[in-house]
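Take a look at the letters that make up each chain.
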Amino acid sequence: MRDELLNLIEKNSRLGLKELAVLLGVNEIDVANELAKLEQEGVICGYHTLINWDKTDIEKVTALIEVKVTPQRGQGFDKIAERIYNYPEVKSVYLISGGFDLLVTLEEKSLKEIANFVSDKLSTLDSVLSTATHFILKKYKDHGTVFDKKREDEREVISP
Amino acid sequence: MTKPLSKAVEELKPSGIRKFFDIVSEMKDAISLGVGEPDFDTPWHIRDEGIFALEKGKTFYTSNAGLKELREEICNYLKRRQGIEYNPLKEVLVTVGGSEAIDIGLRALINPGEEVIIPQPSYVSYEPCAVLAGAKPVIINLKAENEFRLTAEELKSAITDKTKVLILPFPNNPTGAIMERKDLEEISRIIIENDIYVMSDEIYAELTYKGEHTSIASLEGMKERTILINGFSKAYAMTGWRLGYACAAESIIKQMTKIHQFAIMCAPTTSQYAAVEALKNGDEDVKTMRQAYNQRRRFLMNAFREMGLDCFEPYGAFYVFPCIKEFGMTSEEFAMRFLEEEKVAVVPGNAFGESGEGFLRISYAYSLENLKVAMDRFKRFVERLRNSGI
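Note that the protein sequences, when read in sequence, are chains A and B.
With the first letter of the first sequence counted as 1, position 115 gets the number 115 in the working numbering; the numbers rise by one all the way through.
With the first letter of the second sequence counted as 1, position 313 gets the number 473 in the working numbering; the numbers rise by one all the way through.
Because the hints were derived from the structure by calculation, they are not lab data.
Think of the CB as a built atom: it goes at the ideal place given N, C-alpha and C, for glycine as much as any other residue.
You can trust all of the hints, since none of them are fake.
Rough simulated footprint, nothing fancy, chain B against chain A, three-plus residues with beta-carbon under 8 Å: (1) 4 to 10; (2) 22 to 29; (3) 149 to 158.
Computed list of chain B residues with no C-beta within reach of chain A, every gap over 12 Å: (4) ARG207; (5) LYS239; (6) GLU501; (7) GLU517; (8) ARG540.
Could you build all of it, start to finish, from the sequences and the hints given here?
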C-alpha cells in the first residue's frame, strides 16, 4: 500500500482519509496509521500547494544559482550547504555532480534583491569560489505538472 | 443503379451503440462515461519512437506478417507475462488492431454453416464478423449470478456437431468479468473433448485487478487450437495507432496471413516501430495505468455500494456493469432519461447482446474528478427514481 499511497498523495495531498481508503481498497484506520508512520519516519516532509505565481499580481523572481565551493575538512559540503539553506529566501539547495557543486534556488521580489543576495551574502562566504546566476523566465512544468495546459477530451463520446 | 447490394451486409444489424452515439453527440455539455478507450495519452517514449521512425524515413511496407523485430518482441512479451512460447517467424501475425484479427481469424476457420459460439454480453464485432464469415452464431447468455463468467454447463449446452469455434472474450467488454485459471480449466476440458477452436480475445489482459491474467492458450492441449488475440490499444493507450496481433498454430497463421496480405498488405509501419518500444520499455507505463484504473474501479464500486445499487465486482478491463432492474425500465430507457435529466452518457447494456438488458456499461477510462461529478449525478438520479415510487 505504501508506494501506491505515496504516488497518490504526491499528486494530490488533499485526498481525505476516507477517499484514500476507497481508492486503495483498505480501511481508513490503516491509511491513517501509514500516513502517521510516513510522517514520523520523515518520508513525508510536508503537504504543499503548487502555485503558478505568474497568474497572480504578486511579483516573484526566481533564480537558479550554480555555486562552486571548497569542501571543508571533516564536513564535506554539508556545512556550507547549511550556511546557504538557512536563508529563508533560499528555496532549495542540491549537491550536484558535474562542473559545479551546489545548485541553489532563490526566490525574491525583484531582480535587485537577487543580485544583492548573490553579491552580499553568497559570494562573500569563505568557501564559495564562484557563482553563476540564471534567472527563470517562464515555468512550463513544475513538480510533474504542466502549467497552462487544459486539454479537451478528444475522444468520441461513445465507442464500443 | 438498381442492382441490390450484398444481402448479407444489408441484413447486418447496425451496432446498438451507434444509435445512442448520435443522440449523445447532439448534447454538447453532457459528461460521457461511454468510451471504450483509455483516457491516457500514449506514453511519450513510445510516441517518440514513432516520430523517430518517420524521421528516419521508415515509411515503406513491412513484411505481411509484420516487422520481424516486433514479432520477436511479441513472443518475448507473451513468454514473460504469460509463459506461452510462440515462434516469431511462423506463429505470429501483426494486424490492424485486434479487430482485424477477429475478422480474419474467423474467416480462416469457418466453412459455411458451421457454428461459432459467442458468449454475450460482449464486444459488438464478434457476431457480424462470424456472420460475414458464413458462420451461424450461437449465443450464450452469460449470467450476473456467475459474475458473467462462462461456465462449463453453459458451454456444454451450446455445443452441437456443427460447433467450430468458441469466442472467449475475457477480460470482458462490457461487463469487466474475468476468467480465472480454474474457470478456464473447466471449460478447456469440454473444448478438447469436442475438438473445437478457441478465439481468445485478450485485448484487456493487462487490465486485470485480481491476480495475473491467465491465457487459455497456456493450458495443456489448448495452444494448438487457440487463436490468441491481443494488441496495443488498451494496455499502452494506443487505440489510434491501430495495432494488434494474433498468435496461433502455424497452419492457422498461414491462412490468416493470406487474407491479411490481400486485404491489408501490412499493419501501419510507424505504429509497428512504436510498438517495439512499447513492448521493450513499456512495462512500467502499463503498471502505472493499471494502478490508476484500479483506483477508479474501487471508487465506482464504493459509490454503487453507497447508493445501494446492485453491481457484481468486476476484476478486468475498465468497465463496471451495474444492474438497474429495480427501476423497472429497460437499459435504453434508463440511459436516455439519465442523459436527459442529468446529462451523463452511459451505454445501455443491451447494446452488447440481449443478456445485457437491465444493465449499464460504465467506463472508468476517465479522470477521478470526472467520475466524482458523474457519480454525484448518478446518486441524485437514482434517489429521485426511488422517491418517485418506481
